[in-house]
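Enquirer: Chain by chain, the residues run as shown.
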Amino acid sequence: MKSSVPSSPRPERGRAHTVLALLATSTMLLTSACAVANSDTAGDAGSADGRTLRVVLTQEPPTLEPCESSLTATGVVVRSNITEPLVERDPTSGKLEPLLATGWRQTKPTTWTFDIRPGVTFQNGRPFTAKDAAFSIDRAVNSDLACNVDGYVFGDAKLDVRAVSPTRLTVTTEKTDPILPLRLSFVEIVPRTTDTKAKVRIPIGTGPYAVTSWQTGVSISLARNADYWGKAPAYPRARYVWRSDASVRAAMIDKGEADIATALDHTSADKGNTVAYPNNETTALRLDGREAPLNDIRVRKAIGLAVDRKGIIGALLGGLAKPAAQLVPPGVVGHNDDLAPAPYQEAAARALVKQAAADGVPVHRRITLVARNGMFAGIAEVTEALQYEMARVGLNVRIRMADTATHLQYQLRPLPRGVGPVALLIMHGNQAGDAAFTTSQYLQSDGPQSTFGTKDLDRRIAAADALSGKARQKAFADVLAYQNTSIAQYAYLAHMRGLLGLSPSVRYRPDSATGDEMRLSEVTPATAGRR
Amino acid sequence: MTSFLRKRIVSSAIPLVFVVLGVFCLARLTGSPVDLYLPLSATAQQRAEFSAAHGFDDSIPVQLWDYLAHAAQLDFGTSLRTGESAGSMVLKAFPVTLQLAGMTMLLAILGALLVGSLAAYRPNSLIDRIAGLLSMTAASIPDFWFAIMGVLVFGVGLGWLPTSGTLGGPEIWVLPIATLLIRPFGVLVQVVRGSMVGALSAPYVKVARSKGADPKRVVFGHALRNSITPVLTVAGDLTVGLVNGAVIVETIFGWPGIGKLMIDSILQRDFAVLQAAVLITAVTIFALNIVIDVCHALIDPRVRQAVPA
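Sequences listed follow chains A and B, in order.
Following the UniProt record's numbering, the numbering of the first sequence begins with 1 at its first residue and continues without gaps.
Following the UniProt record's numbering, the numbering of the second sequence begins with 1 at its first residue and continues without gaps.
Quick caveat, the hints were computed from the structure, so don't treat them as lab data.
Since the structure is predicted, the reported quantities are computational estimates derived from the model, not experimental observations.
Certain hints may be false.
Which chain A residues face chain B? A few, computed with CB under 8 Å, are given here [what the hints assert, rightly or not]: (1) SER143; (2) CYS147; (3) ASN148; (4) ALA276; (5) ILE399; (6) ALA402; (7) THR406.
All C-beta atoms, glycine included, are put in the ideal place defined by N, C-alpha and C.
Kindly generate the complete structure, drawing on both the sequences and the hints.
Expert: Set out below in structure tokens:
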């Protein structure tokens, strides 16, 4: 009797079964393929064997090319780990220390001479000589490779570089450059066999670690350089992975899946496993002084007074910052100790805006507040707070959150046309430790990241740049004060602090250079017996 | 069947063409990658040379023609970011996403068939209400929130699962799959239940029951088979959505799949990789749609006859 039930005919049921069987079989194949592909049980960052230092970054480095090491994501892996410069700046004292050069001196007004360290070999076994140093500087600064170190550190300068002997190098500049050794601290030394026509994927250097593999999208592995000329690092291996979400990076530290995690977020990190450190980054609003109402200095100063720095830092940045009064933090040559952050004075700010309005300044013209997603933890909230505070003093502000590429269009010359007045939220990191790198970019009237300036300011910057020692410090400090009183292109927010996740199994003291140059050789195991 | 297949291929190819062309043009509207790849001090000449070397100085129609001509020879260009072949980067990333999406959908379908059938078997019972509540909740939970909560609870709190990563044992699959699974599972339970309720009230089921047929055979043998077509339709759409929507899971859990590759390519204005990723994904989705349609046609002959010429 059951056979008389009018269901679908037999052949259709067979097809249905075939479809389901196909679906199941396909997925089983996929599953089995995965199991084979992922038979390593150590995890992406490696196992906690005490011999591998596991570091989790915010993003995969776009390149490991040494001449791009002024890019944060590249430098944090490459600099002083895989490759090394001739000299390096002590991030705490600011002094230059010998590295691949044992000494240096100014032998002519435009010429510096460097003594090259003997007995150093590259990771490919070739000896390091002055010719390699000359080659590296030429490749990074004088070539057509379009290296970032060229743009950020050397500008348009061309260098005459000569290896006068295997252990002596001379570098001649077109104009006197009192901080040339500091600039050269950004040039990572590579062997003469390095490609000069294209950027390299796997760099070779003289550093304490060498790259053993780069699995795109997964990890970068390093191994200790057995022939390293200096003290051997504590960990035989190091492995970098990347997770874009700060809470995942923090979780990896909490769970023991990583030893060091960069750029943690104060809202998700366990305080017991984090260390805060000054990261040389300063946040500020860059006000486009070419466009009304921002072309009126009263409006620009009003914005400075309208910002409640302490409130924003306390409520939105977890207290991990200090109110700023200039673009460079303490420790950078040129930092002006006498400048105090503008006080939060809403009434005074409102009065300045009213004065400007009374003189015909169109203060109600809409200002676009542009900020970059992911610039720092809590940026969306900070941007909204800034919009609110500017609106409270009578300005009309709308927010535009942008990705890096779009933000760069607003940040760099040629600046976009027809976009109206723009207040750009910037975060400037002075890695080099000298205000010249800031003023040439952000204050000079034709600086690549400046919207306007004055001839007087340009003259002051040029004069300061030709000085050295205490005179240089004072001249740049005066430039920064002058910008605040007479230009006011910037309404400063804060000198930021980074938050580093540290596993209890390692010892490491971050400094102001850590965000750009994390020296793995300075990391040691917490317990001697672990390795 | 051949005629059906031909018509479906033609009708499905049209959106594929629009997607590929649209992404090509929209990418160029986001601006030139020059600022991202050249130093601050790059001269106008260097900028011009960079643009010329990558064809960005040509008009968009010329760039498009050049792209299509090379793509026809399976040459998708070179990544600005890594210097690697864009095609090989995509082909490395794609299987990762397919593995994730494939396993997720298998589990979602099997789970939904079971839970949805049970709920439909006794409408308005406790099981039905619980299933309804859970499926509605599952379909409503944001992926990223579920992922982060999963990491915090099962990774850090309980210590049962790794927080992220692609290397390791079967445990590495749990959180990514659970995150991807939750929404399709929730939707499919609703679809299975609705479809099964309809099927179980159909005359042939009533007749079968009145004649004393085995209840399990009636539910799982007759009603389920006849209500599978809408489930497959929705599952197909959800699979397509999974391939596209794996971005969050891949980003949070560090999976080097196609979704993360696309996001990175957009942010880095790496046009060659973005175009290759979109084209290969679109072709895959196109093929998936054809497979789904063929499955429909195999199960239900009315589908074969319903396709317009």
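Enquirer: Let's test the interface hint: is any C-beta of chain B closer than 8 Å to that of ILE399 (chain A)?
Expert: violated, 19 Å
Enquirer: Is the interface hint satisfied for ALA402 (chain A)? The criterion is a beta-carbon contact with chain B at less than 8 Å.
Expert: violated, 11 Å
Enquirer: Taking the closest Cβ pair, is ASN148 (chain A) under 8 Å from chain B?
Expert: holds, 5 Å
Enquirer: Can SER143 (chain A) be said to touch chain B, with a Cβ gap under 8 Å?
Expert: violated, 11 Å
Enquirer: Against chain B, run the beta carbon of ALA276 (chain A) and see if the smallest gap drops under 8 Å.
Expert: Since chain B brings no Cβ nearer than about 21 Å to ALA276 (chain A), farther than 8 Å, the hint is violated.
Enquirer: Given THR406 (chain A) as an interface hint, is the shortest Cβ-Cβ distance to chain B below 8 Å?
Expert: holds, 7 Å
Enquirer: Could you check if CYS147 (chain A) really has its C-beta closer than 8 Å to a C-beta on chain B?
Expert: Holds. Min distance 6 Å.
Checked against the numbered hints above, the structure breaks hints 1, 4, 5, 6 and satisfies the rest.
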